[in-house]
Amino acid sequence: MPLKLLLQLSWRNLWRHRRRNGIMVLAIALAVTGVMLMNTLMRGMAAEMREAVIDNLTGHIKVIHPGYMADPGIGRGFEPEQGWERALADVPVAGWAQRVRVPAVIMSERETRGVQLVGVDPAQETISFLGSLSVDGEALSGAEDRRIVVGATLAEQLETSVGRRLVIMTQGADGLNREAGYRIAGTYDADSNALEKVFVFTGAQTVARLLESPAVTEVSLRLESGDDIPLALAELGAVFEDLDVKAWQDLEPQVASMVLVADFGLYIMYFVIMGALVFGLVNALVTAVMERVRELGMLRALGMRPRSVVAQVVVESTLVMTAGVVVGLALAVVCYLPFSGGIDLSAFSETMQMMGVRNIFTPRLEVADMVIVFVLSLVLGVLASLYPARRAVKVTPLDAMRR
Amino acid sequence: MAAADIAQAPPVAAPTGTGSVGIGLHMRVAWRNLWRNGRRTWLTASGIAFSIFLCVVFMSFQLGSYDGMIDTATGMMSGHMQVQQVDYFDDPKVANRIAGGSELLRELEQSPDVVAAAPRVEGFALVSVGERSFGGLVMGVDPVREPEVSALSKQIVEGEYLPRTDSAYVGKALATNLGLKIGDEIFVMGSALEGGVAAALFTVDGLFDTGQVELDRSILQVPLSAVQSAFDLGDSVHRIVLMGRNANDATAIAERLAPALPEGVRILDWDKLLPELRQMIQMDAVSGLIIYVLLVAIVTLSVANSFTMTVFERTREFGMLIAIGMRPGGIVAMIVIEALCMWVVGTAIGAAISFSLMVGLGIVGVPIAGLEDMAGQFMMPERIHPEVSFFTLGTAPLVLLVGTLVAGLIPALRVRRLKPVEALREEE
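Top to bottom, those sequences are chains S and F.
So the first sequence is numbered by our numbering: it starts at 1 and just counts up by one.
So the second sequence is numbered by our numbering: it starts at 1 and just counts up by one.
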């Protein structure tokens, strides 16, 4: 039977029961919209968490000494060779930064706190949150800058302010304590209070002078695209032979597993919700077949092949599914658009900060996910029609005449 | 004669008041009607069963994991409640202390609501071993009371928990970083109350490993009195950690205890001590709610669809029933009872499977395999016990009962507009 005729027959059959098929389309649309909107939230959350950890001095890839994680300190530093970045000629790199990061104790006249002292070259820090930080007072001018920049929350805790001095105490490579006083150039305001309490920044050479060591403790890279990570890992591994070259997924396994959960979440939600839907769809299709026993019997008597009968039911099911999915996806886009710029979630700020998400939350509607939902629905539509189609094929001209 | 007989014959069934037929008959007819199209009934009931199963399982696990999360999170450090100086929570500095700590502790322990109480003194200090040093939080605790409010003492991997007055209980990561082993001496130095130097010498007698590196390398516990004297604190404490019988009662207990506290001291429940925990639970609950609402809405729609089909197919039958004297209201009632029976079948299946599964798992608990990393980060316990309560088991069936009745009622109301003559002419 020509496809056009098949479509025409199925289409008209559907319109014979507008109400019934309308309810089905509505139910499918509702399910698809719900699944898509939940998915945009999960995707947005995962993307924010990923961006946040990459921004928080991790980058896409980090090179560290194998012992640094267990014992962070200048004793676990290294000196990268000049021009190491040339090894990455064929991977587009957004930027890289060499830092000295050591645990330190910071003291004001009144209070004492434990912090991470980070020596940076501000020109390289366009790749981290430091590049886009809003600083009250002055930012660091260069790697030679001998002043420090502290978080606003830490400054409050230390009861100090811009222009005053703080004493920093830390260990040199020999394990002996070093201490020195530094003037506060500015205080910064980060998305998370936790960051503000932990990181104290100064020029890389200032830290080198304090520690009497030219070594750095980490090299952080940001690539143009996260897809290039495996390639970059391989190439860097060849340059930094005795060091650990790690992707952010290894450095921040919790966040990486959350991102993975978001990937699976779409399928789980889809099958949970659509599972409930399939019962209704099969029901409507079987009813449609049983109502047409006479008609189907006659068509068979006139010479319609069983194959065409099956095709008709499958096409009907797929049409209902397609209509529902198209309406559902359209609805999801309509609901999504007003929020595509971001939702203010300050009410949940503590959790968000703990999970590394900013106060303004941006959901993400991804075309790839819409395609997945569409394709899955077509497959489900065909599967749902199998049983009704089998019923339809079993109808013989004799059954029809007995009616 | 014949006409007179008929006239005198007792009226059959028709005018027996408003009810016309008994509920028993209605039930029987509805039940039989339901099985006239067994396939449809099974399919619709399976839809109901499926969504009840999903909702019950999800809800039990969700609520079960909350209780586990709250117990684990409050049991680690914070306790169910804490008594603190009013400014201490926002500004945890040594000077924001509760004077007369032991007196207040004794009073709080007398309260029947308080199962356990333990005082703490905290101060940031430089911990040094030989030439190496590290900034950390020094926590002065009561070695006898502390284990009753915090799980830290149970995370011991080596040695003993504070056996002497100069013992220190140190995280394994901190010990590794400083090259410490049991029996080594550590020197602790910080700023005391009056701006002087607080210094004390301790011996490492125990090591703990919580799995959270941050905690393991930044905290050490030592006996309360040693910290009090080193920091010039006298009898002052910073926190009195309280445990009630159940974490869920914390807010109520806190309200009862608050009026008896001295001035300048307040009580905080875990809701306020760990705001991120409550928010995480709320966020999770909201996303769960969306899924439940979707599931219920979709099943309600498919039940409505099923009844729309039923009602349309039986137009002729209904027309005849009306023609022989059944009231439209009676037919509506019959259809609603059919919907009710449908719900009973679906719920029986869904509830039988999910209830037995949840009760079983509720006793045994389900280990969270492969999620140890996340379990640490998100304060999850190692095993989830799904919550088995009227709320988790009953909500989905009851909401779907309403949904099913509405789904049956709406198409049924059409019957009231039915004209018997037209209905009888309708094609079968």
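Be aware that a few hints might be false.
[Claimed, not checked] Cβ-to-Cβ under 10 Å is the rule here; a few derived chain F residues that face chain S:
#, residue
1, Ile23
2, Leu25
3, Val213
[What the hints assert, rightly or not] Taking lysine-lysine pairs in the DSSO-like style, the calculated list, with each CA pair at most 30 Å apart, reads:
#, chain 1, residue 1, chain 2, residue 2
4, F, Lys93, F, Lys272
5, S, Lys246, F, Lys172
6, S, Lys197, F, Lys172
7, S, Lys394, S, Lys4
[What the hints assert, rightly or not] Okay, the calculated beta carbon distance ranges per label pair:
#, chain 1, residue 1, chain 2, residue 2, range
8, F, Gln212, S, Gly181, 41 to 47 Å
9, F, Arg425, S, Val379, 40 to 46 Å
10, F, Ala352, S, Asp344, 16 to 22 Å
11, S, Arg18, F, Val366, 44 to 50 Å
I should point out that these hints are in silico values taken from the structure, not numbers from a laboratory.
The structure presented is a predicted model; accordingly, all values stated were derived computationally and were not measured.
Glycine residues also receive a C-beta, built at the ideal position from the N, C-alpha and C atoms.
Check the hint pairing F/Lys93 with F/Lys272 against an upper bound of 30 Å on the C-alpha distance. This hinted pair holds, its Cα atoms lying about 19 Å apart.
Hinted pair S/Lys197 and F/Lys172, Cα distance within 30 Å: holds, 24 Å
F/Val213 as an interface hint toward chain S, with CB separation required under 10 Å: holds, 8 Å
Outcome for the supplied range 41 to 47 Å, where the beta carbon pair is F/Gln212 and S/Gly181: violated, 33 Å
Is the interface hint for F/Leu25 satisfied, with its Cβ closer than 10 Å to some Cβ of chain S? violated, 28 Å
Given the hinted pair S/Lys394 and S/Lys4, is their Cα-Cα distance within 30 Å? holds, 24 Å
Distance restraint hint 40 to 46 Å, applied to the beta-carbon atoms of F/Arg425 and S/Val379: Cβ of F/Arg425 to Cβ of S/Val379: about 44 Å, so the range 40 to 46 Å holds.
Under the criterion that the straight-line Cα-Cα distance not exceed 30 Å, is the pair S/Lys246, F/Lys172 satisfied? holds, 24 Å
Against chain S, is F/Ile23 within 10 Å by beta-carbon distance? violated, 28 Å
In this structure, is the beta-carbon distance linking F/Ala352 and S/Asp344 contained in 16 to 22 Å? violated, 46 Å
CB of S/Arg18 to CB of F/Val366, is that within 44 to 50 Å? Distance hint for S/Arg18, F/Val366 holds at roughly 47 Å.
Going through the hint list in order, the structure does not satisfy hints 1, 2, 8 and 10.
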